[in-house]
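There are 4 protein chains.
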Amino acid sequence: MVVTNNSGPLAAVLTGPGEPITLHNFAKPNVKRGEVLLHTMYSEVCGTDVHIQQGKLAGVPYPIIPGHFAVGTVEETGGDVQSVSGRPIIRGDIVTFLDVHATCHRCWQCQVNKAPTKCPSRKVYGVSHSSNEGLLGGWSEMILLQNDVAITHLPENVSPLRFIAGGCAMPTAVHAVERGKVGLGDIVVVQGAGPVGLCTGIVAYHSGARVLIADKSTVRLEAAHTLGFEVLDLSTSDNAQSLLEYATQGQRADVVIEATGSPSAIQSGISLVRDAGRYVVVGHYSDAGSTTINPHLDINKKHLEILGTWGVEYIHFHKAIGLLARKELTPSGIKIEDAMTTIYPLHEVNKALSDVRERRVVKAVICANSGD
Amino acid sequence: MVVTNNSGPLAAVLTGPGEPITLHNFAKPNVKRGEVLLHTMYSEVCGTDVHIQQGKLAGVPYPIIPGHFAVGTVEETGGDVQSVSGRPIIRGDIVTFLDVHATCHRCWQCQVNKAPTKCPSRKVYGVSHSSNEGLLGGWSEMILLQNDVAITHLPENVSPLRFIAGGCAMPTAVHAVERGKVGLGDIVVVQGAGPVGLCTGIVAYHSGARVLIADKSTVRLEAAHTLGFEVLDLSTSDNAQSLLEYATQGQRADVVIEATGSPSAIQSGISLVRDAGRYVVVGHYSDAGSTTINPHLDINKKHLEILGTWGVEYIHFHKAIGLLARKELTPSGIKIEDAMTTIYPLHEVNKALSDVRERRVVKAVICANSGD
Amino acid sequence: MVVTNNSGPLAAVLTGPGEPITLHNFAKPNVKRGEVLLHTMYSEVCGTDVHIQQGKLAGVPYPIIPGHFAVGTVEETGGDVQSVSGRPIIRGDIVTFLDVHATCHRCWQCQVNKAPTKCPSRKVYGVSHSSNEGLLGGWSEMILLQNDVAITHLPENVSPLRFIAGGCAMPTAVHAVERGKVGLGDIVVVQGAGPVGLCTGIVAYHSGARVLIADKSTVRLEAAHTLGFEVLDLSTSDNAQSLLEYATQGQRADVVIEATGSPSAIQSGISLVRDAGRYVVVGHYSDAGSTTINPHLDINKKHLEILGTWGVEYIHFHKAIGLLARKELTPSGIKIEDAMTTIYPLHEVNKALSDVRERRVVKAVICANSGD
Amino acid sequence: MVVTNNSGPLAAVLTGPGEPITLHNFAKPNVKRGEVLLHTMYSEVCGTDVHIQQGKLAGVPYPIIPGHFAVGTVEETGGDVQSVSGRPIIRGDIVTFLDVHATCHRCWQCQVNKAPTKCPSRKVYGVSHSSNEGLLGGWSEMILLQNDVAITHLPENVSPLRFIAGGCAMPTAVHAVERGKVGLGDIVVVQGAGPVGLCTGIVAYHSGARVLIADKSTVRLEAAHTLGFEVLDLSTSDNAQSLLEYATQGQRADVVIEATGSPSAIQSGISLVRDAGRYVVVGHYSDAGSTTINPHLDINKKHLEILGTWGVEYIHFHKAIGLLARKELTPSGIKIEDAMTTIYPLHEVNKALSDVRERRVVKAVICANSGD
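Residue numbers (the numbering used here), protein chains in the order written: chain A, 1356 to 1727; chain B, 1356 to 1727; chain C, 1356 to 1727; chain D, 1356 to 1727.
FYI, nobody ran anything at the bench for these hints, they're computed from the structure. Wrong hints could be hidden among the right ones.
Identical copies go unnamed one by one, so any copy, or any two together, can satisfy a pair.
The list that follows gives simulated cross-link-like pairs (lysine to aspartate or glutamate, DMTMM-like), each with its CA atoms no further than 20 angstroms apart [what the hints assert, rightly or not]:
#1 1469 to 1668
#2 1469 to 1374
#3 1383 to 1431
#4 1478 to 1503
#5 1706 to 1593
#6 1469 to 1630
#7 1469 to 1533
#8 1411 to 1374
#9 1571 to 1390
#10 1690 to 1585
I would like the entire structure built from these sequences, with the hints used as guidance.
Dropping the structure here:
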């Protein structure tokens, strides 16, 4: 890892698929009207970052500064800037922002299909900006928020570390649970106890559901257990259906939410859903191949709903932050920032990335200014 | 075909899978309190009847009298009987009935899952009653409606032949269109121009959609065209997507409704749906094998909804009849009873069945008392 | 209060509007096929019972045995009887039942309007059965459950006292919260801290909402506070809107739920709802007069939804029981059976009734067999 | 009416409440990047214009050029400009546009409440732009579309006159019908046969409903009748309920949609809705005073939904235009441009306004360049 020596903010740059991340100094940005410069506190490493490094995500304009979720303190603002709730943003405030911006609000996807996550103008911090455009990613000592970015203060009782422990997984989970129309009294099975799976469990729990989380990784099952969830331990039996029926006295799930990314999870997951239930696919963020399905048995006769879940909108981000402010966030009462996170300084970002890829940690957090 | 000679009503009996249908005289039923005896006018042959004869439907208690949809005149009632709308049912009235009855209203499926089409007590005329139980199927000169059957008069401007031309396909279509949340201005593609496909087109049209129907059979495409639908002619090109984009100046469908029963239709159909659209599976009423799907490309990234559609409830039957009363039922103004039906007397029921199986006709109607 | 002396079960009878309740012995019922005889543990006194005694509810066939919610042990069954979940009901089991039964499942309201709470055949234990028909109300040592009554076991971790502490208010609350489409992150204001209001707060809390409860009664505000809710104290200020905006830094509610029964609550409640929010009316179970509304300001310009909530279905009852099984039911962790209930033996039912009418207690529970 | 003599485009200006409209020449605008200059074909006079002239609408920045809906040919574009569907906008194209623009997409209303019609930044052509800002209203020979305005071409089979005959009433009607969840087989009563009422009837008809329109004005009833609707003639009887029950053999409406603006319509309209039905308020665009409602009888016991309907979004505008392209737009087949419109040249705009105010015409259309 090469670090240059000038005095501007340091940022981690990924020059192309398969390349190691290197640190570089950037010029301190000139903050224009409506923009906000953040002094980064935390960013995160998520599964998408792994896919980006592996070159599995289409349309990434390498070189980039990765990191799409972050939280920091306001260093400077370009004149008067307000948060989404209309509160002034002042130097020193602790704020975060939605990584997605630049949706056009005028195209067919935005206006007619009501699918802004499909807007062709849409940009994402840490994913679809080149590092040549500036400090537009989270793995950096500073981040420049352009004038159309939706910014919000953290509520008093949400610490920056708690926020990043949820990270991008939490709004994704809100979206998935909403797609699944999870409600009071539903039995919900989550496939996969990674960050998205665990957050999905938390969101479903706070929507009134009974939640069971299935995985075969011991590390991940333990995390699920620590957070207070019932688990379906697939390391001892691959018959998820009988594990579920044992736990529920013969019932199946009202909703199953896939958060594994594995094609083989699909048919197995569908078998756990009751007739006329719902199956949500949220883990397949990159192409891991195809699988087999029986249209009669798996869909038509079962009167099943299958619901893909792509991207998040501000509303999901907003609800995620609101949820983090709840006193008892997990069924066990254990804090997610204690149970789920491992913290790395910025210069260990390659280790963080490989630990996530090898599933040695549940959630890697990047402390961008570890000298602070 | 053997016909016995006593004087009771004649009914068609299917003794087992693969057997020909034979006609038998039954004793005229003793009409108990709350029951209604119908003098049958028309019944129909649908795809499910073909599957029943081929032994492809599970749980059929052979021997049975097939025919689940029918219309007739009231011959006798067991005391005062009322229609669903509270109107007295009197000798001579022209009425029809929902084939499904005996749902328990007390079980988990009925009360908790709100999926009465999955109630284990549910019975269906012409499908799940043995002929040993009596005249409980439509291919018969008389039908006995038990005291829990939902009965309704035909509206004045719905002729018995128009009713049966819609037949069971029409409420199935209502259910499929409702599952697909088809609304004003939607582009809807229907895969398959059989009775369910054509009725689905009609229902979607009256829900405010622009409808295109895809098929490769010339007979069926002609029926779709006669009824006034735009067609995607798959006999000349198997590239449904380019046919659709040509017809719509580059758009894809908000909703695609599968009404073919063919596993290969699934992936082809999904490719026609726009991002964040809906795909309804209604044609897979029996197991025709599996197919391949890519969870990332076909579901997650596409933000797709896939919706199975099993059975119908009274509300769909009710709405179907209401729809048949509309003055201009089809886009072309051509009547469905003129464009879709071929009439067979009861003693030609085997021919009707084979004509449906071989797709020589769109819809076979059984005239149960052809001597009338 | 006159008590007769024979040996059959004792029940409380209300002979007409304005009359005191008297106790009478009834013959022990002959249990027919499919019926279940309960040895009553607890029943309750709710606001509707007060209205029934005051003659404010239409269509009550006095004399009646009041009490529509109850829990008890099985004394005897008429052959094999199953719960809704299919579990056999055996002598000694602790069970409860939905008070509503006899909906016909065949009429326009049941089948077309999907409004079974409006079915003309619908009967309610403790409300629409005369005591001449037998032990069909909860204020009785024994209750006879007819063969169409939906019966369910209490889950292991729901004690009979906890069940009755929720009582009829809990499924009503489930219905109200569902009507209001309350979801994760919503700000919900409940008007009225009686049993329905408090239960509504609990259900909304478990649906992911932030809940504030408004009242002016000190007893009721204290109950709300004890259960852990934020309160809007209308005893010190009648300006609910400024209290709310103070608590929320200027926001109004996504959903306001009326649980007071007072006509003046309507306009005040609507003023608390944000633009494009929802206002649920659930407290107006009897006619307390009219009020004034401005269609432009209160409804149209506000883009408001107003949602009446009549009766409950089994699904609401089911979800209520499921919710009671949650470990942490209230925001404070205080048990509702500790915070909300006052227990009266059967022979003090008149006192219970007047204490509820005069709002001296939050919830009066009748211990039907206090000698047990 | 004073007309100045220079050579720029002529526009009608309303200087303040109660003032007559006068015509003025404006300088031909300088078309900036992303803007489009329209040569106006038609604009319209709607009820809101009457309210604006009477000073009944809050926040109007007089002087203004009224006219919020219009259609015209493209005179000039500021560089490459695209329609919402991505089609280039070229000189000579016939286009129209959504009057609402400048919603911020970043505030609480836009992002969290999902109520962009409540965004404080929202601007409306012909309503919330001062004439000092330029040609930003429809009653003008030219209109300047700013670079954030959503523009669309008219479909081939929608003539400019047909478009303006629907005018702003059509998307409003789409919104109202959507709020009312009108679907196949619903009985819908529309209160008021003005432009919004008639368009609501048309949209409900194309959503599969049976539509009855109630009014007491002979002119308006005749328009409703000409378009092919069933009518409830309130000029001969004020008992709308008995008229409805006569027409429907005793049923009431699934949905009633208020399009009168009269407070007394509310209670009368609610009485027409069946139990568990829906009541949509769309006519109360200005404050016409209060009315009385009984929370028990009108809302709670009735299990009613009441739904206010404020403003429109692009999706409603889009669906309205799609609907206008249908071959058979009205039940009778009569064209709306023949049955509903009276055309006035720009210099007769005061007469148009008074004819609308006095209800002498159903819909007044302004032909902005009558010399063309």
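Verification of the supplied hints:
Taking the shortest alpha-carbon separations for residue 1469 and residue 1668, both the intra-copy value of 11 angstroms and the inter-copy value of 11 angstroms come in at or below 20 angstroms. In this homomeric assembly, residue 1469 and residue 1374 never come within 20 angstroms of each other (Cα to Cα): the closest approach is 37 angstroms inside a single copy and 42 angstroms across copies. Proximity of residue 1383 and residue 1431 under a CA criterion of 20 angstroms is satisfied intra-copy only: 11 angstroms inside one chain copy versus 43 angstroms between copies. In this homomeric assembly, residue 1478 and residue 1503 come within 20 angstroms of each other (Cα to Cα) both inside a single copy, at 11 angstroms, and across copies, at 19 angstroms.
For the identical chains of this complex, residue 1706 and residue 1593 are neighbours neither inside a copy (32 angstroms) nor across copies (50 angstroms), given an alpha-carbon limit of 20 angstroms. Proximity of residue 1469 to residue 1630 under the C-alpha cut-off of 20 angstroms is restricted to the inter-copy arrangement: shortest distance 10 angstroms between copies versus 29 angstroms within a copy. For the homomeric pair residue 1469 and residue 1533, the shortest alpha-carbon distances inside one copy (16 angstroms) and between copies (15 angstroms) are both at most 20 angstroms. Taking the shortest alpha-carbon separations for residue 1411 and residue 1374, only the intra-copy value of 13 angstroms comes in at or below 20 angstroms, while the best inter-copy value is 56 angstroms.
For the homomeric pair residue 1571 and residue 1390, neither the shortest alpha-carbon distance inside one copy (45 angstroms) nor that between copies (47 angstroms) is at most 20 angstroms. Taking the closest pair of Cα atoms, residue 1690 and residue 1585 come within 20 angstroms of each other only inside a single copy of the chain (17 angstroms); across copies the shortest separation is 23 angstroms, beyond that limit.
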